[in-house]
Amino acid sequence: QVRLVESEGGLVQPGGSLRLSCTASSSIFRIIAMGWYRQAPGKERELVATISDTGRTEYADSVKGRFPISKDIVKNTVYLEMNALKPEDTAVYYCYAEDQLGRDYWGQGTQVTVSS
Numbered sequence: 001q002v003r004l005v006e007s008e009g010g011l012v013q014p015g016g017s018l019r020l021s022c023t024a025s026s027s028i029f030r031i032i033a034m035g036w037y038r039q040a041p042g043k044e045r046e047l048v049a050t051i052s053d054t055g056r057t058e059y060a061d062s063v064k065g066r067f068p069i070s071k072d073i074v075k076n077t078v079y080l081e082m083n084a085l086k087p088e089d090t091a092v093y094y095c096y097a098e099d100q101l102g103r104d105y106w107g108q109g110t111q112v113t114v115s116s
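Residue numbering for the sequence shown follows our numbering, starting at 1 and increasing by one per position.
Be aware that a few hints might be false.
Result set (DSSO-like, lysine-lysine): computed pairs, CA atoms no more than 27 Å apart in a straight line [claimed, not checked]:
no., residue 1, residue 2
1, Lys43, Lys86
2, Lys75, Lys64
3, Lys75, Lys43
4, Lys64, Lys86
Beta-carbon label-pair distances, calculated as ranges [unchecked claim]:
no., residue 1, residue 2, range
5, Arg30, Pro87, 34 to 44 Å
6, Ser52, Arg19, 33 to 43 Å
7, Gly10, Arg45, 12 to 22 Å
8, Phe29, Ser115, 34 to 44 Å
9, Gly15, Ala40, 11 to 21 Å
10, Arg30, Val5, 11 to 21 Å
11, Ile32, Leu11, 13 to 23 Å
12, Val74, Arg3, 11 to 21 Å
Derived by calculation from the structure, the hints in this document are not laboratory data.
Even glycine gets a Cβ: it sits at the ideal position worked out from N, Cα and C.
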């Protein structure tokens, strides 16, 4: 059962922008946080940005000011607006959700490549 549906990533030139979205299935009970992690080749998965049910946000230092995260409660969807993209932002981006019981859910991942 697919619980997190991510939008497609893509190839973007340096300095460009891309928006990722992730919609959570209604089968996930009481989501308290959603967000994005990423994993570059040869590196560990790292937090990009998260947003809680109260609207509190958390960002990796590397994306602060460039990747605002937002959510649409009605659509159960979280958005990541990636601006001023750099080659080092190239990675597989994974949507993440946590429910009230502390269970984690992960999307299948979407490739974002920043290259000229």
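Hint check:
1. A hinted pair counts as satisfied when its Cα atoms are at most 27 Å apart, and Lys43 with Lys86 qualifies at roughly 17 Å.
2. A hinted pair counts as satisfied when its Cα atoms are at most 27 Å apart, and Lys75 with Lys64 qualifies at roughly 25 Å.
3. Between Lys75 and Lys43 the alpha-carbon distance is near 33 Å, which puts this suggested pair outside the 27 Å criterion.
4. A C-alpha spacing of about 13 Å is found between Lys64 and Lys86, which places the hinted pair at or below 27 Å, so the restraint holds.
5. Checked against the given bound of 34 to 44 Å, the beta carbons of Arg30 and Pro87, roughly 39 Å apart, stay inside it.
6. In this structure the hint that Ser52 and Arg19 lie 33 to 43 Å apart at CB is violated, the actual value being about 21 Å.
7. Checking the proposed 12 to 22 Å range against Gly10 and Arg45 shows it holds: the Cβ atoms sit about 20 Å from each other.
8. Judged by the Cβ atoms, the range 34 to 44 Å given for Phe29 and Ser115 holds: they are separated by roughly 40 Å.
9. The hint said 11 to 21 Å for the Cβ distance between Gly15 and Ala40, and at roughly 19 Å that hint holds.
10. Under the hint 11 to 21 Å, the C-beta atoms of Arg30 and Val5, about 19 Å apart, fit the expected range.
11. About 34 Å separates the C-beta atoms of Ile32 and Leu11, a value inconsistent with the hinted range of 13 to 23 Å.
12. The beta-carbon spacing between Val74 and Arg3, approximately 18 Å, falls within the hinted interval of 11 to 21 Å.
Of the numbered hints given earlier, the model fails hints 3, 6, 11; all others are met.
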